[in-house]
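Protein chains: 4
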Amino acid sequence: GVLERLGAGEVVIGDGGFVFALEKRGYVKAGPWTPEAAAEHPEAVRQLHREFLRAGSNVMQTFTFYASDDKLENRGNKLTFTGQQINEAACDLAREVANEGDALVAGGVSQTPSYLSCKSEDEVKKIFKKQIDVFIQKNVDFLIAEYFEHVEEAEWAVQVLKATGKPVAATLCIGPEGDMHGVTPGECAVRLVKAGADIVGVNCHFDPMTCVKTVAMMKAGVEKAGLKAHYMTQPLAYHTPDCSCQGFIDLPEFPFALEPRILTRWEMQHYAREAYKAGIRYIGGCCGFEPYHIRAVAEELATERGILPEASEKHGMWGSGLEMHTKPWVRARARRDYWERLKPASGRPLCPSMSTPDGWGVTKGHAELMQQKEATTAEQLRPLFQKADCKH
Amino acid sequence: GVLERLGAGEVVIGDGGFVFALEKRGYVKAGPWTPEAAAEHPEAVRQLHREFLRAGSNVMQTFTFYASDDKLENRGNKLTFTGQQINEAACDLAREVANEGDALVAGGVSQTPSYLSCKSEDEVKKIFKKQIDVFIQKNVDFLIAEYFEHVEEAEWAVQVLKATGKPVAATLCIGPEGDMHGVTPGECAVRLVKAGADIVGVNCHFDPMTCVKTVAMMKAGVEKAGLKAHYMTQPLAYHTPDCSCQGFIDLPEFPFALEPRILTRWEMQHYAREAYKAGIRYIGGCCGFEPYHIRAVAEELATERGILPEASEKHGMWGSGLEMHTKPWVRARARRDYWERLKPASGRPLCPSMSTPDGWGVTKGHAELMQQKEATTAEQLRPLFQKADCKH
Amino acid sequence: GVLERLGAGEVVIGDGGFVFALEKRGYVKAGPWTPEAAAEHPEAVRQLHREFLRAGSNVMQTFTFYASDDKLENRGNKLTFTGQQINEAACDLAREVANEGDALVAGGVSQTPSYLSCKSEDEVKKIFKKQIDVFIQKNVDFLIAEYFEHVEEAEWAVQVLKATGKPVAATLCIGPEGDMHGVTPGECAVRLVKAGADIVGVNCHFDPMTCVKTVAMMKAGVEKAGLKAHYMTQPLAYHTPDCSCQGFIDLPEFPFALEPRILTRWEMQHYAREAYKAGIRYIGGCCGFEPYHIRAVAEELATERGILPEASEKHGMWGSGLEMHTKPWVRARARRDYWERLKPASGRPLCPSMSTPDGWGVTKGHAELMQQKEATTAEQLRPLFQKADCKH
Amino acid sequence: GVLERLGAGEVVIGDGGFVFALEKRGYVKAGPWTPEAAAEHPEAVRQLHREFLRAGSNVMQTFTFYASDDKLENRGNKLTFTGQQINEAACDLAREVANEGDALVAGGVSQTPSYLSCKSEDEVKKIFKKQIDVFIQKNVDFLIAEYFEHVEEAEWAVQVLKATGKPVAATLCIGPEGDMHGVTPGECAVRLVKAGADIVGVNCHFDPMTCVKTVAMMKAGVEKAGLKAHYMTQPLAYHTPDCSCQGFIDLPEFPFALEPRILTRWEMQHYAREAYKAGIRYIGGCCGFEPYHIRAVAEELATERGILPEASEKHGMWGSGLEMHTKPWVRARARRDYWERLKPASGRPLCPSMSTPDGWGVTKGHAELMQQKEATTAEQLRPLFQKADCKH
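Chains as they are written, first to last, in full-length UniProt numbering: chain A, 1 to 392; chain B, 1 to 392; chain C, 1 to 392; chain D, 1 to 392.
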């Protein structure tokens, strides 16, 4: 089990974010970001699981992000599959591929439109319960409550998950400034541990080094409170030095122009090393991670884990495959110090290196964040376009 | 057939580069860049074909890049599959997926280490012949000679391909400065057409707008010579404003730190439009292209083609899926002018926007470019490392 | 007097930094940064005073930066003028030009090598006393203790200055992180006010917006302590988003490659506006300021001050002189919104937008900061070069 | 004389551009760029001459840029001095300071609004004649026809200047693409030499390395034609990799946001070396040059010239003055290789590194370029503003 591995001091490598990877492959719609592909195009989801497994992932996370019924139906998102069908299909795919190696299966729930729309604790918990019933029936190995902007909703999720008796991990999508209500990372972590989480940390919204910093603040908070936990990070694969408290959502490039921010494999190795040094042992990724990013994590920690992932056969440490290149000046790049020193150019001289984030200063409870089942109308869009143009 | 479609003025959309996409997925080794995955991991190759098909590709190109025996064995690249096995597997996969839609299958050959090592015309042509025998036996729809740095070798390839009676396309990996021996794009195109090519153009090595410019020079040369041809581009998905005549190979970021240069989908739509305006009708991609890049080409030319690709159901024109986002300031991005105006930031304030290319001023015929079957030794690498460090 | 003007709510515009401006003109040596030009080349100093006066400066600050005897003789700086000669000449020049308008004359002292070398309070105060004797004899209008990295030394200076009965201004060269011993801006300001300063603020080391932010923190501290003061900023004319607690000294570009960081006149107008909004009324500049930067401050605050500076006759608000340009597309730039929106390019695609600051983590009291009368030897430089190269 | 010095293979160092330097000091109006300060504020002009002399300039160029009557009165530029008064005052100032050292005095004429407005050869030549009469009466040492966008007008100027019997230098403000009518640099140079110029080259509009490249093309043209000449460059002190044929005028940052493009002293040393290597012996500067830039040229060529300029006493080669800095990590920068390797950051992460130039595709002869005596009206500006906004 995951707690045994972490308890023994082992590194557990997570996987990468499925919604972004499968959006690029043509199976997920940016905007709703819902995981119907598990039921609709299982071969695509299976293949991505397999690639992460080959890259070194120890966990196959069920592709159930935003797979609660209130999200699947939000704002006119018309799907031909029910939440239950999607959750079941996702569990089966994760287990099938996990069994091709010795990976664990983790069932995941995430934040809900209901919470944002000020529904009650009971209503929100019922939504989590419905997903978890599937996970228990499919006998996943452990549970993850991930991608919560408000620690309060995450606590509710942890409480529902904890009741199953399975190990529980909980990650917020926050940075050093804390959650959307201003609760600090340290305090967030303490509340999650008290709610029953065995593993705490952050996922998504910020770049790797910011996430390591945030989890270090969480760890300090937990230790100061005399509590115990394991720690995890599943950051973006995008550089976000310029984002504010809501992370990359607020960057003007989100979600269709983030390419120049993608981390290289070498930057990913740096992340893995720094996360390890900070005492984090569950190390994975989120949006933007492709299989080779996870492979980089596994290669950086090959000594600590005593193993290289299967896909490293197609890489070689520090790009040693370049020794076979036909051009001598490319063979000259087949070494660690070359790639560690390199400052990669953007190739975009007309573009800046940082942006000014959006963000309208609203969070749960504001009228502007109330969700609806109906599609957004042109009348609803017009004032949004105007407001945005005034800011720029 | 491809010539009928082009002859009728239709747009033919190519696919993207398999070696780079599959390297990130863990199935191709950077350095040798050989396509053994067709035999070794067919499910991965099949899935990528399928994603390009869904994205709008009209051509399934066999994954046979560098699949000549002299390349498969170069510099210690030890494989458990023969060239024939790989070429056969690649043909079967391409045909299988092509039949899921109405795509054509194209068999491809590329430049050889033998030419670089100054082998004779006869020897080089024998290598092409061996690959083509498989293509003919598998009955591909047409043939592509692609990724040639020297027009002379491309002419030899075209002559071998033409002898089969199949339609022949030929692309060089050159920019506006011409081939490695200094032959201009216009003259290169004329020689390829005279050698028998029905379609001429460029692939790889340069960014989309540079490739469009180069093909425009080819078209002008062909027309000036009173000849006729169809035109194609399969460029990189990387911005390369800073590269010299050998293209992105010479950029210090090649091949493991090119991330900041990746084009967005909007930049890809711009490429599709400009290629179309320049009279190019075979429009595809090469290294760096992911399925969503091809989808962007297909969406830009939806009116001209009278069809949207299947994967656009998961996108919406100009990112309209964002109308379903929970945050109002992200819904405000669900429109064309927002994305067209955006200058995406790199998120890398410590990095420059351009690099100084390498390139040792050598080409076919220089001792430094002689290839070998044996692995590169540490003794051979040492002077390369030193020479490279002196340049920086 | 200055206090009457500030007390009446008037804006007092300072001048710019003389050592950097005169270094570029060939009269000050970068490194020692001492003001012997006041005695050596009075015509150059007089001309610079005059340019600032024409640009709108209300204060002619004596060019006596680092003009204490211990600094004039530090590390082999061989001068043919005594501290007294320099201080006297500087007072005469400032008064001569001040009388050409209605400007005030301020005598300035700055931090000493003696403090850095751990000399006693008595010794350090004697150094200030020696300079101030000249200022009193020359009857300057008020006194400024400026460019202190440690609030303790600034307090000593203020105490010596206060004893003269003249109004006293005190500025530290610190940022939001506080002084070199970690004292916060708020606490620094309270200590300076308690020591007798009438006006407190910051100068040098950081860019305009950082200085406004720091002075705002000082103001909040003073007000929280129930004290009263006037506030001033004399920032750099360089953008320094990347610097750490010791400011631009630690940037690798200091002092000979700061050009790309120079603020435009429009950025300077923005600074003037933000400083005014923050309640700062003594608004001037330091290193990097040229006369046109001060003119921009005066133009931005023309309405509040009820006057345009003499040199604006050669400018016109918001660049209206461009209406006389021969090219129509340049005349199209003769307006405010054009310049306010512009994001000026660096013209340096091979350079980054930020640097990693140096800084060896030492401050007053460390052996590495002990000063000496003798010139630095080659033996002393060698380990410094090696240490620096290791860091990069 | 200048020809004797150049004939003996000596380096002649020019000065920098007065209009830009004095605009920053508050004496020249950006837009008309006329030199009334020579009569209005002689002390400011004298001081700038003196600074260039101290920095190593061998030539004091009269501050008579755009001092033809048709320009002094263009577009509502109301001056209280006549062209003759300005030209006379400028000659006196140049001579006075030249005599403080052993510099030569050069009288300069530049392009006229009359030519742009399609006046006849006679009319244009009369304008030059009027200025030259003053130069001859004041007995300048040689004459410069500078800042011509059309070689035709420059030829007319050279013919007028040549008639005086004085040595004649002629510089166009063009780049590698040639003059505004498309005449190549080589052909331009040949025409100027044939018209009587002893020294030919370029000034203004482009950055140093572009100017060196352009003059190299001129030299090749002259030599190919079997002619002889001396060569000169007086480039901008701004990096302009992004500009088109009309140079920095067309950059959106012209003239009020060019700061990030200013060359460092080390980049200027590189320019001096490359100019020297290209066979250019008259090496000076234009807009953006401050005295320290000329000093850098003189320091780079100290060995060739056998002398260091007076102002180098306040610098030290390669910044050796930093050996006296109080901070050890700044003393570590007192060396050549540190500054040569440094890639200076812009400090502007929200800005790009290149811009898209303006330029409306018009030149001499187009209605849009007809000049007028009356001030530009608001009615005339409105369509310009609109046209410019449409382009952005």
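Among the clues, some could well be false.
Where chains are identical, the list cannot tell them apart; a pair therefore holds if satisfied intra-copy or between any two copies.
[Claimed, not checked] For lysine-lysine, the following DSBU-like pairs were computed, each having C-alpha atoms within a straight-line distance of at most 30 Å:
#1 LYS126 - LYS391
#2 LYS224 - LYS24
#3 LYS364 - LYS129
#4 LYS138 - LYS162
#5 LYS373 - LYS213
#6 LYS387 - LYS343
#7 LYS24 - LYS343
#8 LYS224 - LYS387
#9 LYS277 - LYS119
If you're looking for bench data, these hints aren't it; they were derived computationally from the structure.
Results for each hint:
1. Proximity of LYS126 to LYS391 under the C-alpha cut-off of 30 Å is found in neither arrangement, the shortest distances being 39 Å within a copy and 55 Å between copies.
2. For the identical chains of this complex, LYS224 and LYS24 are neighbours neither inside a copy (43 Å) nor across copies (41 Å), given an alpha-carbon limit of 30 Å.
3. For the homomeric pair LYS364 and LYS129, the shortest alpha-carbon distance inside one copy (22 Å) is at most 30 Å, but the shortest distance between copies (61 Å) is not.
4. Taking the closest pair of Cα atoms, LYS138 and LYS162 come within 30 Å of each other only inside a single copy of the chain (17 Å); across copies the shortest separation is 57 Å, beyond that limit.
5. Taking the shortest Cα distances, LYS373 and LYS213 never come within 30 Å of each other, neither inside one copy (38 Å) nor across copies (45 Å).
6. In this assembly of identical chains, the alpha carbons of LYS387 and LYS343 lie at most 30 Å apart only when taken from different copies (20 Å versus 37 Å within one copy).
7. In this homomeric assembly, LYS24 and LYS343 come within 30 Å of each other (Cα to Cα) both inside a single copy, at 26 Å, and across copies, at 20 Å.
8. Taking the closest pair of Cα atoms, LYS224 and LYS387 never come within 30 Å of each other, the shortest separation being 44 Å inside a single copy and 37 Å across copies.
9. Taking CA atoms no more than 30 Å apart as the test, LYS277 paired with LYS119 passes in neither setting, with 41 Å inside one copy and 42 Å between copies.
Of the numbered hints listed earlier, those contradicted by the structure are 1, 2, 5, 8 and 9.
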